[in-house]
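J.: Guided by the hints, dock chain Z onto chain D, whose structure is given.
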Amino acid sequence: MNQNIPRFTGAVWLTMLIAEMFNNLPLSGEWMVWKPDWVALALLHWALILRQDSSLFMAFFMGLLTDVLSGSLLGQFALGYVMVAYISVRLGLRMTPDAYVQQFALVFIVIGLFMLVNLWISEILGQASGGLAYWGPLISSLVIWPFYHWFLSYFYTPRKVA
Amino acid sequence: MRLIQSLEAAIYDVDHHATPGLFIRFVVLILIALTLMFVDHRSPSNTLPVRTLFSIIGYPLQLAVDAPFRAYNVTEGFFADQTRVSKQNAELEARLLEIKADYRNMKIIKQQNERLRSLLKISKRPDFSFTMAEILSASDYRGQSVVTINKGTRDGVFVKQVVLADGDKAQSQGGNIFGQVISVTPLSAQVILITDLQHAIPVRNLRTNKRALASGTGKPDVLELKSIVAESDVRDGDIFVSSGLDGLFPADFQVAEVVSNGVNYVPGDPFANIKARPLINFQNTREVLLLWRNAEPEVAPQPADEPSENTNNANPEAKTNSAQVAGAAQ
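So the protein lines, in turn, are chains D and Z.
Here UniProt numbering is used: the first residue of the first sequence is 1, the next is one more, and so on.
Here UniProt numbering is used: the first residue of the second sequence is 1, the next is one more, and so on.
Everything labelled a hint here was simulated from the structure, so no lab data went into it.
Remember, predicted model here, so these are calculated numbers, not experimental data.
Be careful, since some hints might not be right.
Some chain D residues close to chain Z (C-beta under 8 Å, calculated; not the full set) [claimed, not checked]: (1) L50; (2) L64; (3) L65; (4) G71; (5) L73; (6) A133; (7) H149; (8) S153.
Beta carbons are placed, not taken as given, at the ideal position from N, Cα and C, and that holds for glycine.
Isolated chain D, as found in the complex (with noise of 0.2 Å):
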């Protein structure tokens, strides 16, 4: 069986620190409707190539370090960032890590489970809602998804276990 590692200490978090600069690229207006939330993609990945191995606790301050970069309110993506860990290790174990079509599966449900607990802090916290726009960063997440999931592939090594 095999077990991957990460390449280098250290590289999970390095491609932790790379998606929240992704997450602070200044877009202008009509891109930014599209824009993914590159973190939660990056715990995604990490959750299918480390499994069971990779950290609740990164997730947690990766969500409390956007919360502070975007101004929402403390606690809110940290608490969606830590959903999108778990529930992508625990439903990833199920799946084969490889299938694509799987794989998209994972995505649409995990990023659009994200969305809709932001969409109801938002909600009760009475924030402007953006329509049906709101949504474009689900399709955008699944465009990129196969691109992103490559450009990480670098990050680890696979390694033989007994």
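T.: Chain Z alone, transformed into the frame defined by chain D:
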């Protein structure tokens, strides 16, 4: 039989729940997150240490994201067309001369104004000083309009400090109100824009002096003017300036302009429904001005009229003296 046994073994070997401790960690972290959200919603000041810690951690990230844009600006300036730069330089020098003349004139008027004010025993107009800051990153998370700037407590920035920016139109250039500081870390500060859904600023109509409240809508180019009675006279193109009634924003800085066809009346609604455009292009602004109120020479608090009137009456001699001293110092 053997086959079935080995198959069963294979099936049970793949234990879908073989993630010891994962569920417990999940529940604990979710509970922590929910508690944080609750506390942050109820009393944001309690979560300030966490926010400060994470903004310090995130500051290098924001710098890194900003670096390519900055580098592009620098190199673009470096390789820019020589003739264009020299032309621009000449234009700027001419403009500087004009402004110098204006400034000299303004200084005289200011002294005159101070003298007249002291004669009339009106408290002095507040004096301001400015520092420029650059916008590091902007987030437009669902109607929350917050930007991070590269000045913090090390530069004397404080919470509720007023932030100005250059206007987008020729006649409204100079300091227009941009927003206010909501949190500060040693190296950076977060500024809430006047277009944020939860922000409001008291304003007055420059033409009619009618007061109103300009509140944000979450959209970067729309402000709503509230509590204007339906009968009152508001026209397209009216400029609204800050009224200074909240004691936070200084008076007479431009805020918004009524858009064309922006005034609507709903039958039965005692208030007019007025849409205005902030006089700042928030998407293109990269530099902002931080504003400090200079310490005033008088001891009497500025916004309170009654006590300052009393002290004036009690000791008119000292007041005029101090005002004259202040005038002489300038």
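J.: All hints, please: hold or fail.
T.: To see whether the hints hold, each was checked on the structure:
no.: 1; hint: L50; verdict: violated, 12 Å
no.: 2; hint: L64; verdict: holds, 5 Å
no.: 3; hint: L65; verdict: holds, 5 Å
no.: 4; hint: G71; verdict: holds, 4 Å
no.: 5; hint: L73; verdict: holds, 5 Å
no.: 6; hint: A133; verdict: violated, 11 Å
no.: 7; hint: H149; verdict: violated, 22 Å
no.: 8; hint: S153; verdict: violated, 23 Å
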